[in-house]
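Undergrad: The opening residue of the sequence shown carries number 3 in this note's numbering; numbering runs sequentially from there.
In case anyone wonders, no lab produced these hints; they're calculated from the structure.
Keep in mind the model is a prediction, meaning the values are calculated, not measured.
Glycine included, C-beta positions come from ideal geometry on N, C-alpha and C.
It cannot be assumed that every hint is accurate.
Per label pair, the in silico range of CB-to-CB distance [said to hold, decoys possible]:
#1 P282 / A331: 24 to 30 Å
#2 P144 / G166: 18 to 24 Å
#3 P201 / R108: 36 to 42 Å
#4 P201 / A291: 19 to 25 Å
#5 A283 / A215: 33 to 39 Å
#6 R336 / P297: 28 to 34 Å
#7 R335 / A215: 28 to 34 Å
#8 R294 / R150: 31 to 37 Å
#9 M268 / R294: 18 to 24 Å
#10 R335 / R266: 31 to 37 Å
#11 A215 / A304: 32 to 38 Å
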Amino acid sequence: MSRSGSRARSMICRAIPESVGSWVANFSRSSSLASIESRAPLSGLPPLRSLLHLPPAVAATQAAVRSPSWHCHRPDMPSHYAATVRRSIAREATMPATCTPRQHSRLAVTIGRDLAARDVAQRLRYRVFAGELGARVHGPAPQREGDRFDELCDHLLVWDRDTGEAAACARLLDGDIARASAGFYSASEFELGPLARLPGRTLELGRTCVHPAYRNGSGLAALWSGLGHHIMAHRYDYLIGCASVDMSDGGHDAHLIMQRLRERHMTGPDERAVPRLALPAPPAPSAVAAPRLPPLLRGYLALGARIGGEPCFDPDFNVADVLVVLATATLSRRHVRHFLGEPDALSPRRAVA
Numbered sequence: 003m004s005r006s007g008s009r010a011r012s013m014i015c016r017a018i019p020e021s022v023g024s025w026v027a028n029f030s031r032s033s034s035l036a037s038i039e040s041r042a043p044l045s046g047l048p049p050l051r052s053l054l055h056l057p058p059a060v061a062a063t064q065a066a067v068r069s070p071s072w073h074c075h076r077p078d079m080p081s082h083y084a085a086t087v088r089r090s091i092a093r094e095a096t097m098p099a100t101c102t103p104r105q106h107s108r109l110a111v112t113i114g115r116d117l118a119a120r121d122v123a124q125r126l127r128y129r130v131f132a133g134e135l136g137a138r139v140h141g142p143a144p145q146r147e148g149d150r151f152d153e154l155c156d157h158l159l160v161w162d163r164d165t166g167e168a169a170a171c172a173r174l175l176d177g178d179i180a181r182a183s184a185g186f187y188s189a190s191e192f193e194l195g196p197l198a199r200l201p202g203r204t205l206e207l208g209r210t211c212v213h214p215a216y217r218n219g220s221g222l223a224a225l226w227s228g229l230g231h232h233i234m235a236h237r238y239d240y241l242i243g244c245a246s247v248d249m250s251d252g253g254h255d256a257h258l259i260m261q262r263l264r265e266r267h268m269t270g271p272d273e274r275a276v277p278r279l280a281l282p283a284p285p286a287p288s289a290v291a292a293p294r295l296p297p298l299l300r301g302y303l304a305l306g307a308r309i310g311g312e313p314c315f316d317p318d319f320n321v322a323d324v325l326v327v328l329a330t331a332t333l334s335r336r337h338v339r340h341f342l343g344e345p346d347a348l349s350p351r352r353a354v355a
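Assemble the whole structure, with the sequences as input and the hints as a guide.
TA: Written out as structure tokens, the structure reads:
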């Protein structure tokens, strides 16, 4: 590991306060922690187990929590997929369990793939997507939003250090795992074409949402910061994902936003995906002002991302999903400083002046 990577890792690692014990422990600790600690101890840092303060009640739940290594022992799993998952686990075993973005000290970020991490994310997604937006959702249990991709993904969770409340979430699908199993989620909405064959390592971001109490900018900013550290640590070359535009007005805003995106932010004609379901015809023109970009899409574009083609209509969520592609090699030090708070966090190979 590079010197800058080690410095960044030690800078972001924090102990989880006991006040959020039961909530955090349910997804941060898994049955594989002992093997992870013995396999890849973090030099100069306390063992992962000591980062967590587990109340007695949590210990009884551990038998029901399956660690990422569970995926490697399913009898129906192809050997090439199991090998890919093992490599992913080996990479993750060297990373701290928790990071606290410096500019958002009340909020902390954790990343997990066990059942409890998934459950926290699915609960928050249900609250936002079904409860607020009225989406037609499916899930493994009542008041959960989930699909077949969830068990393949890491779940990035932003939580409030004072209350233990989940402030935001997103799911992260490693490209190696996607190609060896179910593919990218975005391939269910787009014919990815050349975007499915990007060189290097790819990470797909999806199912991003923020709790209503943290929509003052802090929740999404902390999520971006945690995502940035994850990209840096795992050396991803590309970030892809869908940013949604609400269609509750019949699609007027979505079409106006796409006009703006076509003018300034599209990838080249031979680098575009094709939506599987095009947007409905636009409503009659009106004289209203151009709409503001949704926060997630605005964040992507601020980082220099490009739009990978026309949007796809998602009737279950009643949104226009815009496919976004970010080449991490184009990130400037200004971007790194703003989102990570560490101007020298990226190696020279990945940062440009």
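Undergrad: Hint by hint, say whether it matches the structure.
TA: Now for the hints, and whether the structure bears them out:
1. P282 / A331: 24 to 30 Å: violated (37 Å)
2. P144 / G166: 18 to 24 Å: Holds - the Cβ-Cβ distance for P144 and G166, about 22 Å, lies within 18 to 24 Å.
3. P201 / R108: 36 to 42 Å: Since P201 and R108 have Cβ atoms about 39 Å apart, the given range 36 to 42 Å holds.
4. P201 / A291: 19 to 25 Å: violated (41 Å)
5. A283 / A215: 33 to 39 Å: holds (38 Å)
6. R336 / P297: 28 to 34 Å: violated (19 Å)
7. R335 / A215: 28 to 34 Å: holds (33 Å)
8. R294 / R150: 31 to 37 Å: holds (34 Å)
9. M268 / R294: 18 to 24 Å: About 20 Å separates the Cβ atoms of M268 and R294, which means 18 to 24 Å holds.
10. R335 / R266: 31 to 37 Å: violated (23 Å)
11. A215 / A304: 32 to 38 Å: Roughly 24 Å apart at Cβ, these two residues miss the hinted range, so it is violated.
Going down the numbered hints, you'll see the structure goes against 1, 4, 6, 10 and 11, while the others check out.
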